[in-house]
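Chemist: As a plain string of letters, each chain reads:
There are 2 protein chains.
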Amino acid sequence: MKKQLGPKDILFPIPAALIVTGTFEKPNIITVSWIGMMSISPPILAIGVHESRYSFELIKKYKEFTANIPPVDKYKEVDYIGMVSGRDRNKFEDVGFSPLKSSNITTPIIAECPLNLECKVVNSLRLSGHTAIFGEILETHIDGDKISGGSPCDIDLGKINPLIYAATVGQYWSIGKKISESFKPGLQIKEGLL
Amino acid sequence: MKKQLGPKDILFPIPAALIVTGTFEKPNIITVSWIGMMSISPPILAIGVHESRYSFELIKKYKEFTANIPPVDKYKEVDYIGMVSGRDRNKFEDVGFSPLKSSNITTPIIAECPLNLECKVVNSLRLSGHTAIFGEILETHIDGDKISGGSPCDIDLGKINPLIYAATVGQYWSIGKKISESFKPGLQIKEGLL
Chain E
1 MKKQLGPKDI
11 LFPIPAALIV
21 TGTFEKPNII
31 TVSWIGMMSI
41 SPPILAIGVH
51 ESRYSFELIK
61 KYKEFTANIP
71 PVDKYKEVDY
81 IGMVSGRDRN
91 KFEDVGFSPL
101 KSSNITTPII
111 AECPLNLECK
121 VVNSLRLSGH
131 TAIFGEILET
141 HIDGDKISGG
151 SPCDIDLGKI
161 NPLIYAATVG
171 QYWSIGKKIS
181 ESFKPGLQIK
191 EGLL
Chain X
1 MKKQLGPKDI
11 LFPIPAALIV
21 TGTFEKPNII
31 TVSWIGMMSI
41 SPPILAIGVH
51 ESRYSFELIK
61 KYKEFTANIP
71 PVDKYKEVDY
81 IGMVSGRDRN
91 KFEDVGFSPL
101 KSSNITTPII
111 AECPLNLECK
121 VVNSLRLSGH
131 TAIFGEILET
141 HIDGDKISGG
151 SPCDIDLGKI
161 NPLIYAATVG
171 QYWSIGKKIS
181 ESFKPGLQIK
191 EGLL
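Respectively, the protein sequence lines represent chains E and X. Note that our numbering gives residue 39 to position 39 of the first sequence, counting from 1, and the numbers run on in steps of one. Note that our numbering gives residue 156 to position 156 of the second sequence, counting from 1, and the numbers run on in steps of one.
Read the hints as simulated data drawn from the structure, not as lab findings. Accuracy of the hints is not assured; some may be wrong.
[Said to hold, decoys possible] To list a few chain E residues with every Cβ distance to chain X over 12 angstroms, as calculated:
#	residue
1	LYS3
2	PHE12
3	THR23
4	GLU25
5	TYR54
6	GLU57
7	LYS60
8	TYR62
9	LYS63
10	ARG87
11	ASN116
12	LYS184
[As the list claims (entries may be wrong)] Computed list of lysine to aspartate or glutamate pairs in EDC-like fashion (alpha-carbon distance at most 20 angstroms, straight line):
#	chain 1	residue 1	chain 2	residue 2
13	X	LYS178	X	ASP156
14	X	LYS76	X	GLU57
15	X	LYS76	E	GLU112
16	E	LYS190	X	ASP73
17	X	LYS8	E	GLU181
18	X	LYS177	E	ASP156
19	E	LYS8	X	GLU93
20	X	LYS74	X	GLU93
21	E	LYS184	X	ASP73
22	E	LYS63	E	GLU139
23	X	LYS2	E	GLU112
24	X	LYS2	E	GLU181
25	E	LYS3	X	ASP154
26	E	LYS2	X	ASP145
27	X	LYS8	E	ASP143
28	E	LYS190	X	ASP94
29	X	LYS101	X	ASP88
30	X	LYS178	E	GLU139
31	E	LYS26	E	ASP73
[What the hints assert, rightly or not] Which bits of chain X does chain E cover? Going by a derived footprint, with three or more residues having C-beta under 8 angstroms, they are:
#	segment
32	31-44
33	56-64
Backbone N, C-alpha and C fix where the C-beta goes; we use that ideal spot for every residue, glycine too.
Between the sequences and the hints, there should be enough to build the whole structure, so can you do that?
Modeler: Below, the structure written as structure tokens:
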């Protein structure tokens with residue numbers, strides 16, 4: 001039987017992404033789980049950021065950001081980054097993260113995160129307090145030891161071991177095991193029907 | 001060392017969400033991993049749907065959809081639903097899923113998915129072939145046996161066992177184990193610094 005919880009912001013699994021804003025010399029980080037890919041050609045993702053956040057100001061000013069996927073063992077750092085404002089603290093220093101230069105934009109990526117996406121803001125849409133900010137992905141960085149070849153398909157998700165966030169429930173989880181390749185198991189059903 | 005993969009649509013973990021469109025009498029389903037929460041008050045999520053899809057037509061016509069999170073053991077059904085068009089097939093019948101009436105909209109939810117979000121389209125933004133469609137969540141349904149109390153925080157994510165999709169890598173994964181509550185482990189860092 002279904003229970004009704006009212007209109008809630010419940011969605012999982014989602015990343016606990018670290019969004020870097022600002023410049024290489026003065027970068028800031030926020031934890032953002034309101035993130036989703038929205039388009040493929042070109043690849044564009046959207047993040048939902050509240051207009052009261054310091055990072056909102058920085059994104060508005062520089063029109064760029066990086067999205068960084070942290071590994072599960074950085075959950076304390078991720079949690080801390082979501083607790084304090086970059087107006088008051090240098091969060092890179094606080095958690096001991098290292099900014100690395102991006103290839104196409106001024107805003108750095110985070111060395112300690114195995115997957116990093118450089119984004120240029122291409123659009124935005126004000127919703128209520130939050131604004132959906134659309135970033136075109138200009139470059140994708142991955143730790144060399146997390147990939148067995150040169151193709152994106154060669155990424156070993158088990159080695160990336162991304163931190164998972166369960167919104168509303170308020171919990172961090174790890175990833176489990178590989179179940180299947182995609183575009184294969186559905187063929188069994190398709191072949192049985194057609 | 002970082003490797004560069006070029007501009008790629010790599011983001012994980014993300015849900016392999018099942019989006020239902022159309023009416024209770026004639027519903028359709030598509031598999032959509034381009035999904036993200038964007039706002040809290042009111043809760044609004046965005047999905048990226050290609051304008052060539054049959055579901056795009058249906059969303060345009062009815063201005064509503066439901067987002068349904070499938071459990072890991074339905075990965076074959078999820079994969080199949082991403083393979084064929086609702087123009088040609090009744091995918092509810094093909095995979096043996098049951099539509100359930102929504103509380104606020106015409107489009108049904110999927111009985112076999114433990115989490116279901118009823119959405120009314122409140123905005124959209126054309127990107128390239130894909131359009132980001134914003135849905136305000138009007139009601140949240142959850143299987144009663146996946147929740148220990150009446151609060152959203154009582155959801156047992158292990159019992160939900162949501163299917164995880166790794167875009168670009170093209171793999172389905174399961175969820176692992178609970179690492180921590182949020183807004184707690186960061187306090188240790190905060191208290192050490194301030």
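Chemist: It remains to establish, for every hint, whether it holds in the given structure.
Modeler: Now for the hints, and whether the structure bears them out:
A cut-off of 12 angstroms between C-beta atoms contradicts the statement that LYS3 of chain E is not in contact with chain X; the least separation is 5 angstroms. The claim that PHE12 of chain E is not at the interface with chain X is violated, since a C-beta of that chain comes within 12 angstroms of its own (minimum 6 angstroms). The claim that THR23 of chain E lies off the interface holds: its Cβ sits roughly 19 angstroms from the closest Cβ of chain X, which is beyond the 12 angstroms cut-off. The claim that GLU25 of chain E lies off the interface holds: its Cβ sits roughly 20 angstroms from the closest Cβ of chain X, which is beyond the 12 angstroms cut-off.
Distance check on TYR54 of chain E: its Cβ is at least 17 angstroms (rounded) from any Cβ of chain X, clearing the 12 angstroms threshold; non-interface status holds. Every CB of chain X lies more than 12 angstroms from the CB of GLU57 of chain E, the least distance being 19 angstroms, so the non-interface label holds. No beta-carbon of chain X is positioned within 12 angstroms of the beta-carbon of LYS60 of chain E; the least distance is around 17 angstroms. The beta carbon of TYR62 of chain E is kept farther than 12 angstroms from every beta carbon of chain X, the shortest such distance being approximately 19 angstroms.
With a least beta-carbon separation of about 17 angstroms from chain X, LYS63 of chain E lies farther than 12 angstroms from that chain, consistent with its non-interface assignment. With a minimum CB-CB distance of about 14 angstroms to chain X, ARG87 of chain E clears the 12 angstroms threshold, and the non-interface call stands. Once the 12 angstroms rule is applied to beta carbons, ASN116 of chain E is inconsistent with being away from chain X; the minimum gap is 7 angstroms. Against the 12 angstroms criterion, LYS184 of chain E falls within the reach of chain X, whose nearest CB is about 7 angstroms from its own CB.
Simply put, LYS178 of chain X and ASP156 of chain X have alpha-carbon atoms about 10 angstroms apart, close enough for the 20 angstroms limit, and the pair holds. For the proposed pair LYS76 of chain X and GLU57 of chain X, the alpha carbon gap of about 26 angstroms is over 20 angstroms, so the pair is violated. Restraint check for LYS76 of chain X and GLU112 of chain E: not satisfied, since their Cα atoms lie roughly 35 angstroms apart, outside the 20 angstroms limit. Between LYS190 of chain E and ASP73 of chain X the alpha-carbon distance is near 18 angstroms, which keeps this suggested pair within the 20 angstroms criterion.
Only pairs whose Cα atoms come within 20 angstroms are accepted, and LYS8 of chain X paired with GLU181 of chain E is accepted, the gap being roughly 19 angstroms. Using a Cα cut-off of 20 angstroms, the hinted pair LYS177 of chain X and ASP156 of chain E holds, with the two alpha carbons roughly 19 angstroms apart. In summary, the hint linking LYS8 of chain E to GLU93 of chain X is not supported, as the alpha carbons are separated by about 30 angstroms, beyond the 20 angstroms threshold. The hinted pair formed by LYS74 of chain X and GLU93 of chain X meets the criterion: a straight-line CA distance of about 15 angstroms does not exceed 20 angstroms.
Taken as a hint, the LYS184 of chain E and ASP73 of chain X pair is honoured in the structure, with Cα atoms around 15 angstroms apart against an allowance of 20 angstroms. Note on LYS63 of chain E and GLU139 of chain E: the hinted pairing holds, with a Cα-Cα distance of about 16 angstroms set against a maximum of 20 angstroms. For the given pair, LYS2 of chain X sits about 11 angstroms from GLU112 of chain E by alpha-carbon distance, which is consistent with the 20 angstroms threshold. For the suggested pair LYS2 of chain X and GLU181 of chain E, the alpha carbons sit about 25 angstroms apart, so the restraint of at most 20 angstroms is broken.
Of the pairs offered as hints, the one joining LYS3 of chain E and ASP154 of chain X holds, with about 12 angstroms between alpha carbons and a cut-off of 20 angstroms not exceeded. With a CA separation close to 9 angstroms, the supplied pair LYS2 of chain E and ASP145 of chain X stays within the 20 angstroms bound. Distance check on the hinted pair: LYS8 of chain X and ASP143 of chain E sit about 15 angstroms apart at the alpha-carbon level, within 20 angstroms; holds. A hinted pair counts as satisfied when its Cα atoms are at most 20 angstroms apart, and LYS190 of chain E with ASP94 of chain X qualifies at roughly 9 angstroms.
Using a Cα cut-off of 20 angstroms, the hinted pair LYS101 of chain X and ASP88 of chain X is violated, with the two alpha carbons roughly 24 angstroms apart. Taking the CA atoms of LYS178 of chain X and GLU139 of chain E, the gap is about 32 angstroms. The hint is violated against a cut of 20 angstroms. Between the alpha carbons of LYS26 of chain E and ASP73 of chain E the distance comes to roughly 25 angstroms, so the proposed pair goes past 20 angstroms and is violated. Given a C-beta distance limit of less than 8 angstroms, the hint that chain E covers the segment 31-44 of chain X holds, as 12 residues qualify and 3 suffice.
With 0 residues carrying a beta carbon less than 8 angstroms from a beta carbon of chain E, the segment 56-64 of chain X misses the three-residue requirement, and the given coverage is violated.
Of the numbered hints given earlier, the model fails hints 1, 2, 11, 12, 14, 15, 19, 24, 29, 30, 31, 33; all others are met.
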